[in-house]
Amino acid sequence: MPLYEHVFLARQDVSNAQVEALTKEYTDLIEQGGGKVTKSEYWGVKSLAYKIKKSRKAHFSLLNIDAPPAAVAEMERRMGLSAEIIRFLTVKVDEHETEPSVMMRKGDRDERGERDRGGFGGRGGGFRGGGGGGF
Numbered sequence: 072m073p074l075y076e077h078v079f080l081a082r083q084d085v086s087n088a089q090v091e092a093l094t095k096e097y098t099d100l101i102e103q104g105g106g107k108v109t110k111s112e113y114w115g116v117k118s119l120a121y122k123i124k125k126s127r128k129a130h131f132s133l134l135n136i137d138a139p140p141a142a143v144a145e146m147e148r149r150m151g152l153s154a155e156i157i158r159f160l161t162v163k164v165d166e167h168e169t170e171p172s173v174m175m176r177k178g179d180r181d182e183r184g185e186r187d188r189g190g191f192g193g194r195g196g197g198f199r200g201g202g203g204g205g206f
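The numbering used here puts the first residue of the sequence shown at 72, with every later residue one more than the last.
Hints in this document: simulated from the structure, not taken from any laboratory. The structure presented is a predicted model; accordingly, all values stated were derived computationally and were not measured. Heads up, a few of these hints could be off.
Unchecked claim - Straight line, CA to CA, 27 Å or less: simulated BS3-like cross-link-like pairs of lysine-lysine: (1) K117 - K95; (2) K110 - K163; (3) K128 - K110; (4) K107 - K163; (5) K117 - K128; (6) K125 - K95; (7) K128 - K95; (8) K110 - K95; (9) K124 - K95; (10) K163 - K95; (11) K117 - K163; (12) K124 - K163; (13) K95 - K107.
As the list claims (entries may be wrong) - Distance ranges between label pairs, derived from CB positions: (14) K107 - D84: 26 to 32 Å; (15) A144 - H167: 18 to 24 Å; (16) K128 - A92: 18 to 24 Å.
Virtual Cβ for every residue (Gly too), placed ideally from N, Cα, C.
Assemble the whole structure, with the sequences as input and the hints as a guide.
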């Protein structure tokens, strides 16, 4: 069976429990269609780059799916009809990642420490140039 990564965005006014219920509903739908959800991740409420259906924030969730195309198409059809889901994307992949997704690895940034800027410092301060002399 083909492998898919599916991300969906739920409205910000939906509770965490309702997002979990939506995830369970779509997982059950995939299983009824002869497939299985191998991994499910909840990424939390995140800000959107632009408004989607009058929302500035959304709940993000990821599903790794191993299912026939008909089951995935039925899930997408139902998501399109749902008032709670504002956007979704399904991508066919060659294999699923076994480790947590990039969105779940928040500790990585803290472990890296400060970036080496080669003696040029940060963004603040310093001479900006400009021809007037300014003396």
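Going through the hints against the structure:
At roughly 21 Å between alpha-carbon atoms, K117 and K95 fall within 27 Å of each other, so this suggested pair holds. Note on K110 and K163: the hinted pairing holds, with a Cα-Cα distance of about 15 Å set against a maximum of 27 Å. Straight-line distance between C-alpha atoms of K128 and K110 comes to about 24 Å, which keeps the hinted pair within the 27 Å bound. Restraint check: the Cα-Cα separation between K107 and K163 comes to about 15 Å, which is no more than 27 Å; the hinted pair holds.
A C-alpha spacing of about 6 Å is found between K117 and K128, which places the hinted pair at or below 27 Å, so the restraint holds. Between K125 and K95 the alpha-carbon distance is near 26 Å, which keeps this suggested pair within the 27 Å criterion. Between K128 and K95 the CA atoms are separated by roughly 22 Å; this keeps the pair inside 27 Å, and the hint holds. Restraint check for K110 and K95: satisfied, since their Cα atoms lie roughly 12 Å apart, inside the 27 Å limit.
Straight-line distance between C-alpha atoms of K124 and K95 comes to about 24 Å, which keeps the hinted pair within the 27 Å bound. Under the criterion of a C-alpha separation no larger than 27 Å, the hint pairing K163 with K95 is consistent with the structure, at around 21 Å. Note on K117 and K163: the hinted pairing holds, with a Cα-Cα distance of about 24 Å set against a maximum of 27 Å. The hinted pair formed by K124 and K163 meets the criterion: a straight-line CA distance of about 26 Å does not exceed 27 Å.
Annotation: proposed proximity of K95 to K107 holds, straight-line Cα distance about 12 Å (limit 27 Å). K107 and D84 have their C-beta atoms about 31 Å apart, which keeps the hinted 26 to 32 Å range intact. As the Cβ distance of A144 to H167 is approximately 20 Å, the hint placing it in 18 to 24 Å holds. Distance hint for K128 and A92: a CB-CB separation of about 19 Å, consistent with the stated range 18 to 24 Å.
When held up to the earlier numbered hints, the structure conflicts with none and fits them all.
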